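Enquirer: Chain residues, written in single-letter form:
Number of protein chains: 2
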Amino acid sequence: MKFTTLKENLKEGINYVERVIGKNLTLPILNNILIETEDNFIKLSATDLEVGVVYWLLAKVEEGGGIAVPAKLLSSFVNSLPSEKIIIKKKDLSLDIDCKNYKTTLKGFSQEEFPIIPQIKEGDQIEIDSKGIYDGLSQIVSIPIVSQTRPEISGIYMSFTKKEIKMVATDSFRLAEKIIKINSPLEREYSFILPQKAGYELLQILSDKNKKLKIYFSPDQIMFEILMEDQKHPQVRFVSRLIEGEYPNYQEIIPQKTDTQVLLQKEELLNQIKVASLFSGKVNDIKIKADPEEEEMEIFSQNPDIGENKSSIAGKTKGEKQEISFNYKYLLDGLVNIKSSEIVFELNGEDGPGVLRPVGDSSYLYVVMPIKAN
Amino acid sequence: MKFTTLKENLKEGINYVERVIGKNLTLPILNNILIETEDNFIKLSATDLEVGVVYWLLAKVEEGGGIAVPAKLLSSFVNSLPSEKIIIKKKDLSLDIDCKNYKTTLKGFSQEEFPIIPQIKEGDQIEIDSKGIYDGLSQIVSIPIVSQTRPEISGIYMSFTKKEIKMVATDSFRLAEKIIKINSPLEREYSFILPQKAGYELLQILSDKNKKLKIYFSPDQIMFEILMEDQKHPQVRFVSRLIEGEYPNYQEIIPQKTDTQVLLQKEELLNQIKVASLFSGKVNDIKIKADPEEEEMEIFSQNPDIGENKSSIAGKTKGEKQEISFNYKYLLDGLVNIKSSEIVFELNGEDGPGVLRPVGDSSYLYVVMPIKAN
Chain A
1 MKFTTLKENL KEGINYVERV IGKNLTLPIL NNILIETEDN FIKLSATDLE
51 VGVVYWLLAK VEEGGGIAVP AKLLSSFVNS LPSEKIIIKK KDLSLDIDCK
101 NYKTTLKGFS QEEFPIIPQI KEGDQIEIDS KGIYDGLSQI VSIPIVSQTR
151 PEISGIYMSF TKKEIKMVAT DSFRLAEKII KINSPLEREY SFILPQKAGY
201 ELLQILSDKN KKLKIYFSPD QIMFEILMED QKHPQVRFVS RLIEGEYPNY
251 QEIIPQKTDT QVLLQKEELL NQIKVASLFS GKVNDIKIKA DPEEEEMEIF
301 SQNPDIGENK SSIAGKTKGE KQEISFNYKY LLDGLVNIKS SEIVFELNGE
351 DGPGVLRPVG DSSYLYVVMP IKAN
Chain B
1 MKFTTLKENL KEGINYVERV IGKNLTLPIL NNILIETEDN FIKLSATDLE
51 VGVVYWLLAK VEEGGGIAVP AKLLSSFVNS LPSEKIIIKK KDLSLDIDCK
101 NYKTTLKGFS QEEFPIIPQI KEGDQIEIDS KGIYDGLSQI VSIPIVSQTR
151 PEISGIYMSF TKKEIKMVAT DSFRLAEKII KINSPLEREY SFILPQKAGY
201 ELLQILSDKN KKLKIYFSPD QIMFEILMED QKHPQVRFVS RLIEGEYPNY
251 QEIIPQKTDT QVLLQKEELL NQIKVASLFS GKVNDIKIKA DPEEEEMEIF
301 SQNPDIGENK SSIAGKTKGE KQEISFNYKY LLDGLVNIKS SEIVFELNGE
351 DGPGVLRPVG DSSYLYVVMP IKAN
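Chains A and B, in that order, are what the protein sequence lines are. FYI, this note's numbering numbers position 219 of the first sequence as 219, with every residue one higher than the one before it. FYI, this note's numbering numbers position 32 of the second sequence as 32, with every residue one higher than the one before it.
For the record, the hints were derived by calculation from the structure and aren't laboratory data. Every value quoted in this text rests on a predicted model; they were computed, and no experiment measured them. In this text, a Cβ means the ideal position worked out from N, Cα and C, and glycines have one as well. Hints may contain errors.
Computed Cβ-Cβ distance ranges for the label pairs, DEER-style [claimed, not checked]:
| hint | chain 1 | residue 1 | chain 2 | residue 2 | range |
| --- | --- | --- | --- | --- | --- |
| 1 | B | Glu84 | A | Asp291 | 21 to 27 Å |
| 2 | B | Ile87 | A | Glu268 | 17 to 23 Å |
| 3 | A | Thr4 | B | Leu263 | 32 to 38 Å |
| 4 | A | Glu268 | B | Lys212 | 36 to 42 Å |
| 5 | A | Gly22 | B | Lys163 | 55 to 61 Å |
| 6 | B | Thr4 | A | Val336 | 31 to 37 Å |
Stretch-level coverage of chain B by chain A, calculated; a stretch enters the list once three of its residues show a Cβ under 8 Å from a Cβ in chain A [to be verified]:
| hint | segment |
| --- | --- |
| 7 | 103-111 |
| 8 | 273-286 |
| 9 | 301-307 |
Construct the complete structure from the given sequences, taking the supplied hints into account.
Expert: Rendered as structure tokens:
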């Protein structure tokens, strides 16, 4: 293997693929990046066996071949090189790297030791703009928790139809749903549960720039591809295994009607909840008081060791009088993912779920269970 | 106690004093900030018994008194309040705090439980601009290490005379010296060893803005005061205990002549050492080769498990040919604290110390011991 490329191109590729690499002690080959030639491209691959990322960059390839090299070392090394041409040549199980005034030898491993990253070649696929998926995923990705007893809620539920993409996440105490309108050729619905970690990786790969995104469906795996500017060759490919099991029928949890609605300024609410959190009780509880006869909602918290705090926030209230405790962390998590400046806070008594909805955006909702009084 | 002040003023004061507070489990009162009235001022105090910080802010004082309140809670709480007027009133061992739409009660402790922060009232004192001390201290403060057997090198040696301030730090492998010219009324020399932690605190308090700084000398303690804009009342007072013992005669270590001198670009040298560090050996060793017949200096490192790296940096060389190993960490530490773009690297063989000097600034030097070949 021998090729020439630019430092900046190689650096970008390494940055894309290295993120999936953890510290794997049982299978140390996974701490490497596989470098291979493929026609006029250099192909960089990394995997943790759950997800795999492949990145292609243009290079002047003089001799084909491949080698696996330690990811962290390669990344630190290439990042520190001057922004110049790099000549890379494989010699036995090492890479000789020449860049301006640096001459380096980096020890590696045979490419045969590196696991094969699966690829979905058949079946349905769609092409969409990446921004919608990026925005939606970033609003819900932090919600799932790792659950041994209920692995299906450890991931993000995604459903694709002709008209929309639904993304849902829950940890059984709160739930977020995001719906994106699309126009796809799908004749049937595809739904699956994406592991949370894969969700985070996908966010990194998509970034918030809009790109053409291809999605390939299969029963056990999902594959995403971002195309190069010529729209012909993939730039990055991301493959993830899916979580087995059936996602809970979450629609049942979303209230169909509401007892009380309060219209609030999001930033002010966020801030008052943060202050209240300093005085919250043992179960992170803070109390919300809404009253249609007042033009304000009240937030109260009390901790016998620390003190107490009461604040009021302007808010038009419709419906019944309410006094409900919530875990402040769950409220904050929902609010920080809302982008609108105004929100509607729906309350449904001590037993019914509260709902946060951005004003002017019906694509997102956040359901949160109250803390029952003893 | 009852007073009114502005949120921003209180916040600034809290930020100054809270930094000295660690997490003290044996003496929990030290996790508090003492709030007291003093004439038209509110006085905030915090201490870890090694250093103490006192901050004064103007307030409308209606009733005198004092109370100690948990520092972290107070800080998070005040930071989150709206930028408005705050009315604070002591009731038993609590503070009632009113700010716009917030009403809060914060539990505290009796001011009698709080330790007295010492104050130097007699003896010599000088007044100087703070910027010189700030710049010098920031160049050397990271060098000492905590040493049980040699407590005297755990701190920063400072010497004040009529004409100059000398600041020195070492961990026995490297040493940095900074000299600041002053014009003081001192009739004798004052020298002491400031604990490293106090050095860091002092940097935070001084910040890189130039202010009038008063220094009060005593045998066991040192006191620094920054004055308010009216130059009459102190804004912040910082008191630290001193490290006992005699500072080593460090002048002996600074070479009086040099075998080889290389003139180098600092940033390029820093970068090449960083790359070399990736391939350094067990004792962080990298090798420097200088040759007066070449216009370049060479940096080489090798690790049998990882690979090897060689780079060359343009550098005019005078004197003898050299090939010396250094700990790359020590070289980096010295270089990052040099502000000039060019440096002179002095080499004195495998047994003699190397010296880094900024070109055009004779106030700073950094001595580093080589790693001897086996």
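Enquirer: Run every hint past the structure and note whether it holds.
Expert: Quick rundown of the hints versus the structure:
1. B:Glu84 / A:Asp291: 21 to 27 Å: The hinted range 21 to 27 Å holds for Glu84 of chain B and Asp291 of chain A, with Cβ atoms some 25 Å apart.
2. B:Ile87 / A:Glu268: 17 to 23 Å: holds, 21 Å
3. A:Thr4 / B:Leu263: 32 to 38 Å: 33 Å Cβ-Cβ, so the 32 to 38 Å window holds.
4. A:Glu268 / B:Lys212: 36 to 42 Å: holds, 41 Å
5. A:Gly22 / B:Lys163: 55 to 61 Å: Distance hint for Gly22 of chain A, Lys163 of chain B holds at roughly 58 Å.
6. B:Thr4 / A:Val336: 31 to 37 Å: holds, 33 Å
7. 103-111: Holds: 5 residues of the segment 103-111 of chain B have a Cβ under 8 Å from chain A.
8. 273-286: holds (count 4)
9. 301-307: Answer holds; 3 residues pass the 8 Å Cβ test.
The structure meets every hint from the earlier list without exception.
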